[in-house]
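Enquirer: Order-wise, the sequence lines are chains A and B.
Everything in the first sequence is counted per the working numbering, starting at 1 for the first residue and increasing by one.
Everything in the second sequence is counted per the working numbering, starting at 1 for the first residue and increasing by one.
A portion of the hints provided could be inaccurate.
To be verified - To be clear about the criterion: a stretch of chain B counts as covered by chain A if any three or more of its residues have a C-beta under 8 Å from a C-beta of chain A, and this derived list gives those stretches:
(1) 20-27
(2) 78-84
Stated by the list, open to error - Here are the simulated lysine to aspartate or glutamate pairs, EDC-like style, with alpha carbons at most 16 Å apart:
(3) A/K57 <-> A/E41
(4) B/K9 <-> A/E55
(5) B/K40 <-> A/E56
(6) A/K76 <-> A/E14
(7) B/K18 <-> B/E3
(8) B/K38 <-> A/D82
(9) A/K103 <-> A/E77
(10) B/K41 <-> A/E14
(11) A/K76 <-> A/D52
(12) A/K81 <-> A/E55
(13) A/K103 <-> B/E44
(14) B/K40 <-> B/E84
(15) A/K76 <-> A/E55
(16) B/K19 <-> B/E96
(17) B/K38 <-> B/E84
(18) B/K22 <-> B/E3
(19) B/K40 <-> A/E41
(20) B/K22 <-> B/E58
(21) B/K53 <-> B/E67
(22) B/K53 <-> B/D85
(23) A/K103 <-> A/E9
(24) B/K41 <-> B/D85
(25) B/K41 <-> A/E9
(26) B/K41 <-> A/D5
Think of the hints as simulated: they come from the structure by calculation, not from any bench.
All C-beta atoms, glycine included, are put in the ideal place defined by N, C-alpha and C.
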Amino acid sequence: GQNIDQPTEMTATEGAIVQINCTYQTSGFNGLFWYQQHAGEAPTFLSYNVLDGLEEKGRFSSFLSRSKGYSYLLLKELQMKDSASYLCAVSLSRGNTPLVFGKGTRLSVIA
Amino acid sequence: DTEVTQTPKHLVMGMTNKKSLKCEQHMGHRAMYWYKQKAKKPPELMFVYSYEKLSINESVPSRFSPECPNSSLLNLHLHALQPEDSALYLCASSQETGFYGYTFGSGTRLTVV
Numbered sequence: 001g002q003n004i005d006q007p008t009e010m011t012a013t014e015g016a017i018v019q020i021n022c023t024y025q026t027s028g029f030n031g032l033f034w035y036q037q038h039a040g041e042a043p044t045f046l047s048y049n050v051l052d053g054l055e056e057k058g059r060f061s062s063f064l065s066r067s068k069g070y071s072y073l074l075l076k077e078l079q080m081k082d083s084a085s086y087l088c089a090v091s092l093s094r095g096n097t098p099l100v101f102g103k104g105t106r107l108s109v110i111a
Numbered sequence: 001d002t003e004v005t006q007t008p009k010h011l012v013m014g015m016t017n018k019k020s021l022k023c024e025q026h027m028g029h030r031a032m033y034w035y036k037q038k039a040k041k042p043p044e045l046m047f048v049y050s051y052e053k054l055s056i057n058e059s060v061p062s063r064f065s066p067e068c069p070n071s072s073l074l075n076l077h078l079h080a081l082q083p084e085d086s087a088l089y090l091c092a093s094s095q096e097t098g099f100y101g102y103t104f105g106s107g108t109r110l111t112v113v
């Protein structure tokens, strides 16, 4: 089976930096995605890693180590609006195979 | 057009009703997906259509019936649902080559009474 693990909940302070980890053990790997989802809304795409290393996009960065089956999402200069669930998802192969989602990490940003 | 459009946004239906959820995209994506999401849970895959053919059915009860009339449209027909089917229903699409990430629709919040 496919296994994607993330912490269930995290709390961080406004203005701080938070790192959300994701480990995966899957039958295949063709990329790792991070999505943000506010309560009651659809997930929105944040980042995509297919090669090892760091991808930076403004306040958000994502890192991948394929040999370790590990990724993290780094959020800098946290804002209250960053309170949301963050979903780690793995693409198992090329083509139209469904993404496999982790259970998501609920991040609460406090003042 | 870089969007996936879902209608309606909210739906309340009785257990004897028949209703349909609609999903539309004009990005030329050839894969479309239905997901069900309960509160505080990740999306659960229901169906996958690839080139207008059903390629994956994740053992979904027959009271949910998907349909893909053409490459841009995806429907989910609902009949005799149960209150536990109340959830957010998400449609997504993706392309076959290059970037495989999903584009999600805004979802339909379904309540079965």
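Enquirer: The structure should be examined with respect to each hint, and the outcome stated for every one.
Expert: These are the hints, each one checked on the structure:
1. 20-27: violated (count 0)
2. 78-84: Violated: only 0 residues of the stretch 78-84 of chain B have a Cβ under 8 Å from chain A.
3. A/K57 <-> A/E41: violated, 22 Å
4. B/K9 <-> A/E55: Given pair B/K9, A/E55 is violated - Cα atoms ~34 Å apart, limit 16 Å.
5. B/K40 <-> A/E56: Violated. B/K40 to A/E56 sits at ~28 Å, over the 16 Å cutoff.
6. A/K76 <-> A/E14: holds, 10 Å
7. B/K18 <-> B/E3: With a Cα-Cα distance of about 27 Å, the restraint between B/K18 and B/E3 is violated, given a limit of 16 Å.
8. B/K38 <-> A/D82: violated, 21 Å
9. A/K103 <-> A/E77: Roughly 25 Å between the alpha carbons, so the hint for A/K103 and A/E77 is violated.
10. B/K41 <-> A/E14: violated, 25 Å
11. A/K76 <-> A/D52: Violated: A/K76 and A/D52 sit about 21 Å apart, past 16 Å.
12. A/K81 <-> A/E55: violated, 22 Å
13. A/K103 <-> B/E44: Roughly 10 Å separates the two Cα atoms, so the pair holds.
14. B/K40 <-> B/E84: holds, 15 Å
15. A/K76 <-> A/E55: Distance ~14 Å between A/K76 and A/E55 Cα, so the pair holds.
16. B/K19 <-> B/E96: Given pair B/K19, B/E96 is violated - Cα atoms ~31 Å apart, limit 16 Å.
17. B/K38 <-> B/E84: Given pair B/K38, B/E84 holds - Cα atoms ~9 Å apart, limit 16 Å.
18. B/K22 <-> B/E3: holds, 14 Å
19. B/K40 <-> A/E41: holds, 12 Å
20. B/K22 <-> B/E58: violated, 19 Å
21. B/K53 <-> B/E67: holds, 9 Å
22. B/K53 <-> B/D85: Violated, because 25 Å separates the two Cα atoms, which is more than 16 Å.
23. A/K103 <-> A/E9: holds, 11 Å
24. B/K41 <-> B/D85: Given pair B/K41, B/D85 holds - Cα atoms ~14 Å apart, limit 16 Å.
25. B/K41 <-> A/E9: holds, 12 Å
26. B/K41 <-> A/D5: The hint holds at about 13 Å.
Going through the hint list in order, the structure does not satisfy hints 1, 2, 3, 4, 5, 7, 8, 9, 10, 11, 12, 16, 20 and 22.
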